[in-house]
Structure formats: C-alpha cells, structure tokens
Amino acid sequence: MRTPHGVLLVHGLGDSPGSFSDIGAQLATRGYRVRTLLLPGHGTQPADMLDVDIDEWRTTVAQQVALLRQEVDQVYLGGFSTGANLVLEYAMDEPDIAGLLMFSPALRARNRFIWLLPWLAQVKPWLRAPDGPRQQQTPLRYQNVPTNGFAQFYRTSEAVRDKLATATFDRPVLVVSAAHDSVVDVQFVREVFTDRFTHPDSRMIWYGDLPAVQQSPRLLARSDHLPAERISQFSHMGVLFAPDNPLYGRNGSQPVCLNGQTDEDFQRCRAGDPLWYSAWGYREAGKVHARLTFNPYFDWQAQVMDRVMQAALSALPRTPNPP
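In full-length UniProt numbering, the protein residues as written are 1 to 323.
It is worth saying that the hints were derived from the structure and are not from the lab.
Ideal placement from N, C-alpha and C gives every residue a C-beta, glycine not left out.
Check the hints yourself; a few may be wrong.
[What the hints assert, rightly or not] Derived SDA-like pairs (lysine to any residue); straight-line CA-CA distance at most 20 Å: (1) LYS124 to ILE114; (2) LYS163 to ASP185; (3) LYS163 to SER182; (4) LYS287 to LEU226; (5) LYS163 to GLN187; (6) LYS124 to ILE54; (7) LYS163 to ASP195; (8) LYS124 to LEU50; (9) LYS124 to PHE113; (10) LYS124 to ASP53; (11) LYS287 to ASN251; (12) LYS163 to THR194; (13) LYS163 to TYR90; (14) LYS163 to GLU94; (15) LYS287 to GLU191; (16) LYS124 to ASN111; (17) LYS163 to MET92.
[As the list claims (entries may be wrong)] So the derived label-pair ranges between C-beta atoms look like this: (18) GLN310 to GLY281: 29 to 39 Å; (19) ASP93 to ALA47: 26 to 36 Å; (20) ARG112 to GLN143: 21 to 31 Å; (21) GLU229 to ASP306: 16 to 26 Å; (22) ALA271 to THR194: 39 to 49 Å; (23) ALA62 to LEU247: 28 to 38 Å; (24) GLU71 to GLU264: 48 to 58 Å.
All chains, full assembly: derive it from the sequences and hints.
Put into structure tokens, the structure is as follows:
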C-alpha cells in the first residue's frame, strides 16, 4: 500500500543502518515510511572494504530510491557523514527528491592530506594493522577501516564539492554539525549551507559557540559544553542518538573508549571509571573522556527536523504512481 511520504537513510563509513535507530523511529512515528540500506563492504568484516568502489555505493543508493518510489508519493533522503555526501550528490541530479537530512555531512575532511588516500590505498591496504590487539569491529560498526574505505569516502566528498562548485540546492535541507567535529571541516560545511542551500526553510543546527555576526534565522546554535552532563564538547557521531539509546545513551552499554587519549585513560574508561564525553582527541587534566555518543538536544533537534521536512513535503507535487 502506498503512503504519502518516505525517507531513505544512508549510513556513514564503517557504520550500519543501526546509526538511524533513533532518528528512524522518530520519523516513523510522524507517519513517514522509513527505509535504510547497507552499503557494500559494510556489515560483515572490515576486509570486505578492501576492494569496494564509490560506484557500488552510488548504485545501491539509486536502487533503494527506486524501490522506495514504488511505495510512496514523495521521497526525502537522509544521510550521516559519507552517507550525507552520497544522498546530496544523488539529489542534486533528481529534482523530485523533496529535501535532505544531513547529519555531520563530510563535505570536506579536516585532514588536508586525504587526497593522497586513493594512491596510498594501492600500496598500504591498512592504516592500522587488522591483526592488532584492539577490537576491529562491534555488532554495529567497524573500529578499523581499510585505506580504500577512506579513499572512497574522499571520492564522495570530492564528487559533491564538484557539483556544489557550479550549482545550488533549492529544496529544504536540515544540516546538523558539531563545532568540534574531529573528522569534518565544519566551517566549510557552514559556508556551503549559507551560500549553496538556498531554500528559506532550510536550517543548520550548530552545536558549539557561534559569534553573533555569524548568526542568522536559518542557523540555530546550541552550546556543546554541558558540565552538568559531563560533556566537554560534541562529537561527529553524537548527533545521531537519543539520551536513552540502550547502546550509546547516557547509560549505554557500548561506551566508545577509543577516543585519542592515553593508554592509561583508555584502560580507565574500559574499567568503568567516571567518564566525561568529547570528540575524538580531546584531553583535559584529571578527566577521562570517552566519545560523546548521544545528543542531549535530541528531542529539540527532532522538532527542527520535522519543520524542515514539512516545508519540503508541502511544496512539491506528488510523484505519479508508476504504471
């Protein structure tokens, strides 16, 4: 049976559809038909990403959009990190896509040498040995990704930047970014939102400080330093999960202790010492920091998401039923 509106959600590099367990549930309660997918090379073992190619990911996205179009009248796309790049690239060529949800979109990496990865992957398959002592994967995500995986991520970011260099995107978009994201050049993302995402109902949520001169009605800022929650700063993945998520919430069973700290702090995190939360690589004397994996503003973020989606869905004609 067809329904009015549907959303396809695309996970990030090394992740799985479980990234959208909370966001997908919220969308479903609002009446959207929600679909996710598993990108090739994911959900099995990290070595299966040694030979994956961006075109396989593109094909998977296109196939799943085609299937969703058979079930709904209007299609919205969403993605996290690399997944956000893939859905933006697709939607820029498909004017019937209602709009986008982009969580920590990785339009440009902070590491300026990432362009070397397609060449490095040919001679160094792993940046971190796959037989090391640390865990290689969890039930929901890879902890170690082959060099080729990072190379294909770079290609997604390069492809979408090439499109944005000569075109704008005129449908409603929600962009969610953390000011201290350790992966993404978020200043560039904010510039893209301001200059290239032109719909008046688009919104960017910015978790971090924002000078008054940079604020606008379309850009919504919230503090990412919340001592009462033991949060020093927000992270790349933390925007996705609700505080009550059983794996990644405040009392979740899967704390991410691998967070760029000292070996001593890593072991203290694993031993269950009191934790603070941050993006990867943050250190502060006297505090053990695990990765922030939940969003204390999750319910407010969902309200903003809902308003953006309603603006998009009310503006487009319905897709004709397929023959």
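To see whether the hints hold, each was checked on the structure:
For a cut-off of 20 Å, the pair hint linking LYS124 to ILE114 stands: about 14 Å separates their Cα positions. With a C-alpha separation of about 18 Å, the suggested pairing of LYS163 with ASP185 holds against the 20 Å cut-off. For the given pair, LYS163 sits about 25 Å from SER182 by alpha-carbon distance, which is inconsistent with the 20 Å threshold. Annotation: proposed proximity of LYS287 to LEU226 holds, straight-line Cα distance about 14 Å (limit 20 Å).
Annotation: proposed proximity of LYS163 to GLN187 holds, straight-line Cα distance about 19 Å (limit 20 Å). A hinted pair counts as satisfied when its Cα atoms are at most 20 Å apart, and LYS124 with ILE54 qualifies at roughly 19 Å. At roughly 13 Å between alpha-carbon atoms, LYS163 and ASP195 fall within 20 Å of each other, so this suggested pair holds. Taken as a hint, the LYS124 and LEU50 pair is honoured in the structure, with Cα atoms around 11 Å apart against an allowance of 20 Å.
Between LYS124 and PHE113, the direct Cα distance comes to roughly 15 Å. Compliance with the 20 Å bound is thereby established for this hinted pair. Distance restraint check for LYS124 and ASP53: the Cα-Cα separation of roughly 17 Å lies within the 20 Å cut-off, and the hinted pair is therefore satisfied. Restraint check for LYS287 and ASN251: the C-alpha separation of about 18 Å stays at or below 20 Å, so the hint holds. Simply put, LYS163 and THR194 have alpha-carbon atoms about 16 Å apart, close enough for the 20 Å limit, and the pair holds.
A distance of roughly 10 Å separates the Cα atoms of LYS163 and TYR90; the hinted pair therefore holds under the 20 Å criterion. At roughly 13 Å between alpha-carbon atoms, LYS163 and GLU94 fall within 20 Å of each other, so this suggested pair holds. For the given pair, LYS287 sits about 34 Å from GLU191 by alpha-carbon distance, which is inconsistent with the 20 Å threshold. A C-alpha spacing of about 18 Å is found between LYS124 and ASN111, which places the hinted pair at or below 20 Å, so the restraint holds.
Taking the CA atoms of LYS163 and MET92, the gap is about 8 Å. The hint holds against a cut of 20 Å. Taking the beta carbon of each, GLN310 and GLY281 are about 38 Å apart, inside 29 to 39 Å as hinted. Between ASP93 and ALA47 the C-beta distance comes to about 33 Å, which sits within the given range of 26 to 36 Å. Evaluation of the 21 to 31 Å hint for ARG112 and GLN143 yields a pass: the beta carbon distance comes to about 25 Å.
Hint check: GLU229 to ASP306, Cβ distance near 24 Å, so the stated range 16 to 26 Å holds. Separation of ALA271 from THR194 is about 45 Å and conforms to the stated range, judged on CB atoms against 39 to 49 Å. For the hinted restraint 28 to 38 Å between ALA62 and LEU247, the CB-CB distance of approximately 30 Å keeps it satisfied. Judged by the Cβ atoms, the range 48 to 58 Å given for GLU71 and GLU264 holds: they are separated by roughly 52 Å.
Comparing the model with each numbered hint stated earlier shows that hints 3 and 15 do not hold.
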